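Q: Chain residues, written in single-letter form:
Number of protein chains: 2
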Amino acid sequence: MKKIINEPQNVVSEMVDGLVRSYPQYLEKIPDTEAMIRSDSASMKGKVGIVSGGGSGHEPSHAGFIGKGMLTAAVAGQVFTSPTPDQIYAAIKAADQGRGVFLVIKNYSGDVMNFDMAKDLAELDDIKVKSIIVNDDIAVEDSLYTQGRRGVAGTVLMHKIVGAAADQGASLAEIETLAEKALPHISTIAVALSAATVPEVGKPGFTLADDEIEYGVGIHSEPGYRREKIKTSQKLVTELLDKLDQNQPLQADHQYAVLVNGMGATPLMEQYIFSHDLLDQLAAKNIKPVFMKVGNYMTSIEMAGISLTLFDLVDSEWLKYLTYPVETVAW
Amino acid sequence: MKKIINEPQNVVSEMVDGLVRSYPQYLEKIPDTEAMIRSDSASMKGKVGIVSGGGSGHEPSHAGFIGKGMLTAAVAGQVFTSPTPDQIYAAIKAADQGRGVFLVIKNYSGDVMNFDMAKDLAELDDIKVKSIIVNDDIAVEDSLYTQGRRGVAGTVLMHKIVGAAADQGASLAEIETLAEKALPHISTIAVALSAATVPEVGKPGFTLADDEIEYGVGIHSEPGYRREKIKTSQKLVTELLDKLDQNQPLQADHQYAVLVNGMGATPLMEQYIFSHDLLDQLAAKNIKPVFMKVGNYMTSIEMAGISLTLFDLVDSEWLKYLTYPVETVAW
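Keeping their order, the protein sequence lines are chains A and B.
Last residue of the first sequence? That's 331 in my numbering, and every number before it is there in order.
Last residue of the second sequence? That's 662 in my numbering, and every number before it is there in order.
Be aware that a few hints might be false.
[As the list claims (entries may be wrong)] Below are the DSS-like pairs computed for lysine-lysine, each with C-alpha atoms no more than 25 Å apart in a straight line:
(1) A:Lys-128 x A:Lys-181
(2) A:Lys-29 x B:Lys-619
(3) A:Lys-2 x B:Lys-574
(4) B:Lys-399 x A:Lys-68
(5) B:Lys-399 x A:Lys-203
(6) A:Lys-2 x B:Lys-562
(7) B:Lys-566 x A:Lys-2
(8) B:Lys-534 x A:Lys-29
(9) B:Lys-566 x A:Lys-203
(10) A:Lys-231 x B:Lys-619
(11) B:Lys-534 x A:Lys-235
(12) A:Lys-288 x B:Lys-560
(13) A:Lys-243 x B:Lys-333
(14) A:Lys-320 x A:Lys-288
(15) B:Lys-360 x A:Lys-2
(16) A:Lys-128 x A:Lys-29
(17) A:Lys-203 x B:Lys-560
(18) A:Lys-320 x B:Lys-566
(19) B:Lys-459 x A:Lys-203
[Unchecked claim] Distance ranges between label pairs, derived from CB positions:
(20) A:Gln-9 x B:Glu-559: 22 to 30 Å
(21) A:Arg-226 x B:Asn-578: 51 to 59 Å
(22) A:Glu-317 x B:Gln-428: 46 to 54 Å
Please keep in mind that the hints were generated in silico from the structure rather than gathered at the bench.
Here the structure is a predicted model, which means the values were calculated and not measured.
All C-beta atoms, glycine included, are put in the ideal place defined by N, C-alpha and C.
I would like the entire structure built from these sequences, with the hints used as guidance.
A: Structure below.
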């Protein structure tokens, strides 16, 4: 394991400190936690709070999306480990401005359980809490740490739309409706070229041969659906797009937002080439995305690979939420 | 070599197409080149054009910084290869709005020569052209492809300040003065954990053992000044900071901007931990940076490693330029 770290057991606390100290204009630590909140708390007034989080190792998720127009607070668990209910509860409490708090949870058993307990704690304090469980990964049903489908990069698009709605004054009920309506239209699938190494484990979560890739791998090294020899970017795009199309047929008369997401060690060069092939193959289906982002948004430490998220914008308001201005470290 | 590409000889053209098609709101291709220019050309009117570029493989540099408040145009050479004079000339011509064009050139012999020829071509067209040669890498004097010091991540800070000045209406002479005054105060040094693989070469530019690092490596795999066993983040910070301090003594009563730059495959987790240690060690010298960025800005394809840039803000105007709002893909 060759990493720029100190003691493996301290990576999360040192990382959180490094992030908040580098960007004090956007976020600060909630005392005695690894949770972070917007530092411009004045502009949160009168708005529903948006709280997300999960295991660490997915940077810039989730704290990189804290700021005006996106997340109010985010909680960082240990690497690939759900944050504890008390820390999530602290974030909810700090994010509440009297209009309630909306939780964006990725579908992992640990996260679902701990966010649920935190919600119960908050409700004892008379804080209104609603939530969405994001399950955008279409690769496999059930997985190592998940009942049903996993929550992956599409979660960032969920952060974006609910954050924009909250900043514009939407109520907790309106945000819940928006999230529930949008969720089934967000679909993601990934391909991995190499695995992540959790610092405290010290070796990669799985091993691929020098010329081998795996489709459908999760963001915690969960198995995918097929291994084969490395293909051209064009063929990778075809495979991933076919899977998305089988899951939800692509429609030429629909508007799509696209997120091409690097998993941590994938150079932007490869992400842009993949995007080029993707746009070609979508064009062949008469689809031209109306919104696109390419970069590292939901990573798996130093995993090499790419995920592709399509968001079918069946409601034209959603595009406005996606393009709504934000002030964050990483959007 | 395991990469998400098609034919190695096509990586640059496909990457450029992928970038401009993904972000048409920011940039577009200059026809028949691999140069890109702002797509909001209306807001360039009456302003000095800022043009940069160089070999590809450093994404998001340089095109990721095209946009209001930063670069007007950028030219992408083949991987780790200077763009040709005709393409640079095309970018200068497209960027000129009658008030002249300022070139930001990294100090590599090929770049310096080709940008110089392009400048001559432009002057034949009566376009006023001035330039700065950025040589911020303090690791070594002279190098494989450079006379004197290399130009590396500090170049992005140069883009930022001259871009902000140009957007506020500065003249070509004023921008030249600003760049010349700021240049000696921008210093960078790097540490590498692994090397980049140029697609057409197919193997890494150098090899490090599983537990080995190299200080002072350049962004084209140029040799650094020492190899040793991997150290803690704290010790890496100490080494790099000592080198910067030896080069230009750190002053407690000065204001510093800091750029912690991932080289391509370095997870943000490690970059934030490094930043945490950096801020501790600067604090021990009574220095608290007034501006900081952490992320992948000037990469070396999939090299793992970090560079540290300090910008001594001896003129308080420079901080205003650094924080001036921009509209780009990657700042």
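Q: Work down the list of hints and note, for each, if the structure agrees.
A: Now the hints, each set against the structure:
Note on Lys-128 (chain A) and Lys-181 (chain A): the hinted pairing holds, with a Cα-Cα distance of about 20 Å set against a maximum of 25 Å. Note on Lys-29 (chain A) and Lys-619 (chain B): the hinted pairing holds, with a Cα-Cα distance of about 18 Å set against a maximum of 25 Å. Taken as a hint, the Lys-2 (chain A) and Lys-574 (chain B) pair is honoured in the structure, with Cα atoms around 23 Å apart against an allowance of 25 Å. The suggested pairing of Lys-399 (chain B) with Lys-68 (chain A) holds, with an alpha-carbon distance near 21 Å, which does not exceed 25 Å.
Our distance criterion of 25 Å between C-alpha atoms is broken by Lys-399 (chain B) and Lys-203 (chain A), whose separation comes to about 44 Å. Between Lys-2 (chain A) and Lys-562 (chain B) the alpha-carbon distance is near 9 Å, which keeps this suggested pair within the 25 Å criterion. The suggested pairing of Lys-566 (chain B) with Lys-2 (chain A) holds, with an alpha-carbon distance near 14 Å, which does not exceed 25 Å. This hinted pair does not check out: Lys-534 (chain B) and Lys-29 (chain A) have alpha carbons roughly 43 Å apart, beyond 25 Å.
For a cut-off of 25 Å, the pair hint linking Lys-566 (chain B) to Lys-203 (chain A) stands: about 23 Å separates their Cα positions. Restraint check: the Cα-Cα separation between Lys-231 (chain A) and Lys-619 (chain B) comes to about 48 Å, which exceeds 25 Å; the hinted pair is violated. Between the alpha carbons of Lys-534 (chain B) and Lys-235 (chain A) the distance comes to roughly 23 Å, so the proposed pair stays at or under 25 Å and holds. Pair hint Lys-288 (chain A) plus Lys-560 (chain B) does not hold up; C-alpha atoms about 50 Å apart against a cutoff of 25 Å.
Between Lys-243 (chain A) and Lys-333 (chain B) the CA atoms are separated by roughly 23 Å; this keeps the pair inside 25 Å, and the hint holds. Restraint check for Lys-320 (chain A) and Lys-288 (chain A): the C-alpha separation of about 17 Å stays at or below 25 Å, so the hint holds. Between the alpha carbons of Lys-360 (chain B) and Lys-2 (chain A) the distance comes to roughly 39 Å, so the proposed pair goes past 25 Å and is violated. Simply put, Lys-128 (chain A) and Lys-29 (chain A) have alpha-carbon atoms about 23 Å apart, close enough for the 25 Å limit, and the pair holds.
For the hint pairing Lys-203 (chain A) with Lys-560 (chain B), the CA-to-CA distance comes to about 18 Å; that is within 25 Å, so the pair holds. Only pairs whose Cα atoms come within 25 Å are accepted, and Lys-320 (chain A) paired with Lys-566 (chain B) is rejected, the gap being roughly 47 Å. Pair hint Lys-459 (chain B) plus Lys-203 (chain A) does not hold up; C-alpha atoms about 56 Å apart against a cutoff of 25 Å. Gln-9 (chain A) and Glu-559 (chain B) have their C-beta atoms about 24 Å apart, which keeps the hinted 22 to 30 Å range intact.
Restraint check, Arg-226 (chain A) to Asn-578 (chain B): a C-beta distance of roughly 52 Å satisfies the suggested window 51 to 59 Å. Range check, Glu-317 (chain A) to Gln-428 (chain B): Cβ separation about 38 Å, and the 46 to 54 Å hint is violated.
In this structure, the hints that do not hold are numbers 5, 8, 10, 12, 15, 18, 19 and 22, in rising order.
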